[in-house]
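Read top to bottom, the protein sequences are chains A and B. Per the working numbering, residue 1 is the first one in the first sequence, and the count goes up by one each step. Per the working numbering, residue 647 is the first one in the second sequence, and the count goes up by one each step.
Since the hints were derived computationally from the structure, they do not count as laboratory data. All residues carry an ideal CB built from backbone N, CA and C; glycine is no exception. Treat the hints loosely; a few may be bogus.
[What the hints assert, rightly or not] Ranges between beta-carbon positions, derived for each pair:
(1) 744(B) to 358(A): 23 to 33 angstroms
(2) 659(B) to 638(A): 17 to 27 angstroms
(3) 696(B) to 520(A): 19 to 29 angstroms
(4) 740(B) to 199(A): 52 to 62 angstroms
(5) 842(B) to 358(A): 46 to 56 angstroms
(6) 842(B) to 91(A): 33 to 43 angstroms
(7) 275(A) to 673(B): 19 to 29 angstroms
(8) 697(B) to 301(A): 40 to 50 angstroms
(9) 275(A) to 799(B): 38 to 48 angstroms
(10) 314(A) to 744(B): 33 to 43 angstroms
(11) 785(B) to 482(A): 33 to 43 angstroms
(12) 527(A) to 755(B): 53 to 63 angstroms
(13) 140(A) to 842(B): 13 to 23 angstroms
(14) 785(B) to 584(A): 34 to 44 angstroms
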Amino acid sequence: MAKLDAKIPQGPIAQKWTNYKAHQKLVNPSNKRKLDIIVVGTGLAGASAAASFGEMGFNVKVFTIQDSPRRAHSIAAQGGINAAKNYPNDGDSVYRLFYDTVKGGDYRAREANVYRLAEVSNSIIDQCVAQGVPFAREYGGLLDNRSFGGAQVSRTFYAKGQTGQQLLLGAYQALMRQVELKTVKLYTRNEMVNIVMVDGKARGIISRDLVTGKTQRHFGHAVVLATGGYGNTFFLSTNAMGSNGSAALQAYKKGAMFANPCFAQIHPTCIPVHGEFQSKLTLMSESLRNDGRIWVPKKKEDAEAIRAGKLKPTQIAEEDRDYYLERRYPAFGNLVPRDVASRAAKERCDAGYGVGNTGLAVYLDFKESIERLGEDTIRARYGNLFQMYEKIVDDNPYDTPMMIYPAIHYTMGGIWVDYELQTSVPGLFCAGEANFSDHGANRLGASALMQGLADGYFVLPYTIQNYLADDIRTPRMSGDEKEFVEAEKESQDRLNKLLSIKGQRSVDSIHKELGLIMWDFVGMARNKEGLQNAIEKIRAVKKEFWSNVRIPGSNDGMNIELEKANRLADFIEIGELMALDALNREESCGGHFREEHQTEEGEALRHDDQYAYVSCWEYKGEDQEPEMHKEELKYEEIQLVQRNYK
Amino acid sequence: MEKTLNLTLKVWKQNGPREKGRFETYKVSNISVDSSFLEMMDILNEQLINEGKEPVAFDHDCREGICGMCSLYINGRPHGPDDDITTCQLHMRKFKDGETIIIEPWRSAGFPVIKDLIVDRTAFDKIIAAGGYVSVNTGGVPDANALPIPKPDADEAMDAASCIGCGACVAACKNGSAMLFVSAKVSQLALLPQGRVEAARRAKNMVARMDELGFGNCTNTGACEVECPKGISLSNISRLNREFLTAKIKD
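The shape of chain B in the complex, shown without the other chains (with noise of 0.2 angstroms):
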C-alpha cells in the first residue's frame, strides 16, 4: 500500500510588486510520499482551477535540478529541507502526515516579487553582463588543446562553475548578499588560463554591478554554502576577495 499525506499548506499570495502579500490556507489530501514538491503543488493547482479560483504562480522548469528556475522557500528554508537539492528535487517523503508546511517566495531587496512564489532575478544577469566571460568572439580560437590546464584547476572551475544561478544563496542571506554566486563565476574563469587574462578587470566591474544592483554586504555567516543546491564553496568567496584586492592595489 503506497504512503500518502494530508497536508496544510500556508501559501504566499501577491498580485504584483507593489500590491500587499498574504499567506492563504489550502489543504491537500492523498498525496504520494513518492510525489515531487512540486508535483504537490500541481495538484493543489488542478484542485484550484476546479474550485474556479486563481491557481498559485511559481516559477519551475526542467524539473531535474539544473535550470535554476525554481525557488520556493519552503519552512523557512530555501529549496526546502533536504540537503544539496533544488525544490524540483524534493520529494514529500521528506514531510509527515498532518503537516504544515509555510511556503513563501525568496525575499530579497535584489529579487523584488513579480507575482505569488515567482520573483524577478533579472539582477543575476545583469551582474554577468558587466564581466561574467572571456571577452572571445566566435572565430579565430587555437585549437582546443593548445593550452594544457592542470587537471586539478580545471576540475576547481568546474565545481565553480556548477552554479545555477537560482539565488537560493541571496535568499538564505541575512544581508541579502549576491557574494556566493559572484565568486562562483569570478573564480569558474580565475581558475582557467583563457578567464586569467581579464580576472582583475572582471572582479572589479562584477562587484560594482552587484553593489549597484541592491544586494547586500558578506559578513561570512556561511549560510549561503549550506543552502546552495550544487554544493557552491565558500572558498570561492575567498577568491573573489584576493582578486578583488589585487585589483584595486594595481589601480
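If we strip away everything but chain A, and leave its shape as in the complex, we get (with noise of 0.2 angstroms):
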C-alpha cells in the first residue's frame, strides 16, 4: 500500500496555507446544496465542522453517542485555549507557537500543519468572541492571558477554569442554531459501528440507535471522523466514561493507517489513585502550575513518616522541601511541558519520596502565592477547581498543599491524515485529538482547544471543498447498495456474537485487567522486555474476553453492557497496537520514554537519525501482524535540537 503523500503544498512555510487555499478546488452554492456530509462526533472539532459545513450549504447529518452534542468531553477542558495574538505584548508571534508547540512535540509532528495551526489560531479567537464565549477580561475591558507550560510568553486565552466548557457551548449553539435551520440533522444517542466503503471511497456509516438497539445506513459523500481520543485503553484516565477509540479503529480496519499509536500523554497534576473500585481520575487544571509550587521532602524519613500519617505537609520547613522542577528546570520551573513534570514525579516517588499513602503523590503548593497575592486572588483565579478537589478529597487545598499525581490524559497519536485532514482512504476525513496531526510526541497545555477549533472551523471547510467538487456528479444513494447491506450485517453479526459468548465476567473487569496492562508496561516508563510481555498478556486478555464476557440482555432495546463490550474489543485492539509501536520505537521522545534511551541526567534521548517519522500501522486482517509504513518528518523551517527547559 505504502502510499502515504502529505500533500503539502509547495513554497515558504509562511506561505504554504495561503498558496493551498488559492489553489484548491471549490463546489459552487447550488453544488453544495446536492452534496452530503457525515459528521461523526460533537465535540470542538466534531460541532464546529458540523456547524461550519452547515452554514456554507451542504446537508450534514451528525451523530452523537451521548444525549446532546453539549455533553462531548471537550466540555472538560479547564485551563484554556492558545493563540498567537500577542495582547500581552510579551514577545509572542504566529513563528513562536509553531516553534513551541514543534519542540513541545519533542519534533515528532509535521512541520507544515503546525505552522497552519498556529496561523489559525488567532481567528478562533475572534470567532469564539462573536459567538458570545464569555473569556475572562481585565477592567479596561480587553481579554486577559496567563500562560501555560512550555512557553515563555502568556498566550493563553481563558474561561475562569472552564473553558472547554464555553468554547463547545459556542460551537453546539452555533450547530443548533443550523439544526434548526434545517441544513444539520442531529442523531443524538447515535454510535458509529461501522464505515461504509464503495469502489474504495467511504461513502456512509452504520449507525446503532443506542436507545432501540437498531442499526441504520446512512449515506454521504464524505465521512468526518471527530470521535476523540482512545486514552480509555487504560481504563482509568481523565477521559469521560464514554470516551472511546472504536470509531477510530473502526476506520483502521477499513484501511486508514493508525499513526503513532504510542504516543499519549501522562498528565503531571490528577487527583492520586485511591482504591480499586475507582472509576476514572480527576484532572486539576495545568494552570495551576502558575501559581502552585510542586515539591516531595527533602528527606526520606520525612517522607515516610508523612505516608505513615505521623507528620503534616505543612510541619516540614522550607529548607526540608524539594522543589524539584525548580531545582532541575531553572528556566522554565514548574512550568515545564507535561511529559518532563510527569516524569519527574514518577522519578521522586521511585525513589521513596513520594507522598499519601500510596507514596505515589507529590504536593502542589499554593502557599506562597496566598501570601504574595491574598487568598481572594487565588479564589478568583482557581476557585472552581479548589472546591472540586475538596470535594473529591475532602481536604481544604487553601490550607493544605494538593496532593497529585499523573495520569493518562489525551492521545497525541491517532488516525493518519495528510495536509487535507484526509485519511489514507478517501473521503474519510479525522479531525481534533482523533487525528494524529498537531501534536508530534507531546501535546502543550491548551493546544487540544485549538487544535479541535482550528479543524473544525478554519481548516475542514476549505480541504473538504477540494475533494468534494470531483463528486458534484456522484448521486445520493439510498442504502440499499449491497456494500450498505453488507456493512451493517457485517456490525450486526458482531453484536449477536459478543451477545452470545455468555461468559462469566463482566466487561469493566477485564477491562480494568487491561488498563493495569497498559499502566504497568506501556504508561511512563517502557522497556523492551515489559513491552514483549504486555504483548502476550493484551492478545491473552483478547482471548479471555472473547470467550468469556457475560453481557446481560439483548439487542434489542438499550443495553449499556453491550455497549461497553463493543468498546472494549476495539480498546483491546488499540492497546495491542500501542505496544506494538512503543517497541519499534527505539527512542524515548515526548511522552513515549523507552528506558532504554535516556540521557545520563534521566532525559529522553531521541534518536533522530532513525525516528525521526511517523509510524503509521495498516490493518492486514484479524490476529495478523499490522505493517508498518513511514512517512519521513522532514524539518526545512527549524533546526533539531534536544529540547531543554533548563
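Make one complex out of these two single chains by using the hints.
Put into C-alpha cells, the structure is as follows:
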C-alpha cells in the first residue's frame, strides 16, 4: 500500500496555507446543496465542522453517542486555549507558537500542519468572542491571558476554569442554529459502528441507536470522524467514561492508517488513585502550575512519616522541601511541559520520596502565592478547581497542599491524515484528537482546544471542498446498495457474537485487567522486555474477552453493557497497537519514554537519525501483524535539537 | 483502617417510556466512604452482572461535574444531599452506615423516562435551537479585542454561562419549569454586546419553545436555585422577564 502522500503544499512555510487556499478546488452554492457530509462526534472538532458545513450550504448529518452534543468531553477542558495574538506584548508571534508546538512535541510533528495551526489560532479567538464566549477580561475591557507549560509568553485565553465548556457551548449553539435551519440533521444517542466503503471510497456509515438497539444505514459523499482519543484503553484516565477509540479502530480496519499509537500523554496534575473501585481520574488544570509550586520532602524519613500519617506537609520546614522542578529546570520551573513534569514526579516517587498513603503522590502547594497575592486572588483564579478538589478528597487546599500524581489524559497518536486532514481512505477525514497531526510526541497545554476548533472552523471547511468538487456528479445512494447491506450485517454479526459468549466476567473486570497491563508496561516508562510481555498479556486478555465476557440482556433496546463490550473489543486491539508501536520506537521522545534511551541526567534521548518519522500502521486482517509504513518528517524551518527547559 | 458502609438501595426500574416503573431493593456492602456515589452504583452493577441480572441504567460521563450528563434524584434531592455539586461529585462520606437510599430519575413532564434512571432531555436542545446563540457564521468577524466589554459584565455573563444543562432545576421545580435554564442562556447573551443585537428575538423565541415543550410556569419558589449544582442565580429569571416584557411591549 505504502502510498502515504502528506500533500504538503509547495512554497515557504508561511505561504503554504495561503497558496493552498488560492489554488484549491471549490464547490459552488447550488452544488453544495446536492452534497451530503456525515460528521461523527460533536466535540469541539465535530461540532465546529458540522456547524460550518451547514452554514456553507452542505447537507450535514451529525452523530453523537451522548444525549446532547453539549456533553462531549471537550467540555471538561479547564485551563484555556492558545493563540498567537500577542495582546500582552510579550514577544509572541505565529512563528513562536509554531516553534513552541514543534519543540513541545519533541520534533515528531509535521511542520506544515503545525504552522497552519498557529496561523489560524487568532481567528479562533475572534470567532469565539463573536459567538458570545465569555472569556476572562481585564478591567479595561480587553481580553486577559495567562501562561501554560512549554511557553515563555502568556498566550492562553481562558474562561474561568471552564474554557472547554464555554468553547464547546459556543460550537454547540452554532450547531443547534443549523439544526433549526435544517441544514444539519442531528442524531443523538447514536453510535457509529461501521464505515461503508464503495469503490474504495468512504460513502457512509452504519449507526446504532443506543435507545432502540436498531442499526441504520447512512450515505454521505464524505465522512468526517471527530471522535476523540483512546486514553480509556488504560481504563483509568481523565477521559469521560464514554470516550472511546472505536470509530478510529473501525476506520483502521477499513484501511485508514493508525499513526503513532504509542504517543499518549500522561498529565502530571491529577488527583491520585485511592482504591481499586475507582472509576476515573480527575484532572487538576495545568493552569494551577502558574501559581502552585510542586515539591516532595527532601528527607526520606519525612516522606515515610507523612505516608504513615505521623507528619503533615505543613510541618515540613522550607529548607526540608525539594521543589524538584525548580531545581532541575530553573528556566521553566513548574511550567515545564507535561511529559517532563510527569516523569520527574515518577522519578521522585520511585526513589522513595512520594507522599500520600500510597507513596504515589507529590504536593502542589499554594502557600507562597496565597501569601504573595492573597487568598481572594487565588480564589478568583482557581476557585472552582479548589472546590472540585475539596469535594473529592475532603481536604482544604487553601490550608494544606494538594496531592497530585500523573494520569493518562490525551492521545497524540491517532488516525493518519494528510495536510487536508484526509485519511489514507479517500473521502474519510479525521479531525481533533482523533487524528495524529499536530502535537507530535507531546501536546502542550491549551493546544487541544486550539487544534479541535482549528480543524473544524478553519481547515476542513476549505479542504473538504477540494475533495467534494470532484463529486458533484455523484448521485446520492439510497443505502440499499450491497455495500451498505453488508456493512450493516457485519456490525450486527459482531453484536450478536458478543451477546452469544455468555461467559463469567463483566466487561469492566476485563477492562480493568487491560488497564493495569497498559499502565505497568505501556505507561510512563517503557522497556523492550516489558513491552514484549505486554503484547503477550494483551493477546491473552483478547482471548479471555472473546470467550468469557458476560453481557446481560439483548440487542433490542438500550443495553449499556453491550455498548461497553463493543468498545472494549476495540480498546484491546488499540492496546496491542500501542505496545507494538512503543516496541518499534527505539528512542525516547515526548510522552514515549524508553528506559533504554535516556541521557545521563534521565532526560528523554531521541534518535533523529533513525526515528524522525511518523509510524503508520496498516491493518492486515484479523490476528495478523499490522504492517508499519513510515512518513519521514522533514524539518525545513526548525533545526532539531535536544529539548532543553533548563 | 478505611471506613466502609453497608447500605440498602431502593432504585427506580422502568423498561421504557410507556412501561410501568417500580422500586427494586438492593443491598451493597463494604462501600468505602471515599468512593463516589456513581462508583457505588458501579459496584452495585458489577454485583448484579455477577448474579446474572440486568444492571441499573443511569446516565453519566465526565464524572467531574461539568458535562451535565448525570442526573439522579437521591433521597428526594436532585444530585443528592450536598450543595453545589453534581451526582458524580457526591461522595459516600455524606451517607451513614445502615442507611436506606432512594434513587429515582428526574421526574418531569418535559423529561420522559427512557430506561430506569435515564431520562430524555432533548427538550433542552430544542430550546437552545430556538435562539440560544448569536447568529454569526464562521469567518468574517471582527478582532476579538475590537469591542471592549466591562469586566463586571463579562464576569456576570460567565456566571450565567456556567449552566451545565443537567436539568436539576426542572426536576426540583414543583411546576416542572425550565425558567432557570432558559434565563441563564438569555442572560449570558443579553449581557454581552455581541448577543445584545438579537436579545429581544431570542427571549421571545426561547420562551415560546419552552412553553410548547410542556414545561410548567415559574412561580418563584426558588427551588431551582437551591438545587442548581452550578449556583445559577434567580436574578437571571428576573432578567429574562425584563427582556421578554420589553420585547412584547415593542411588538
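Problem set entry | List of violated hint numbers, smallest to largest | Number 2 only.
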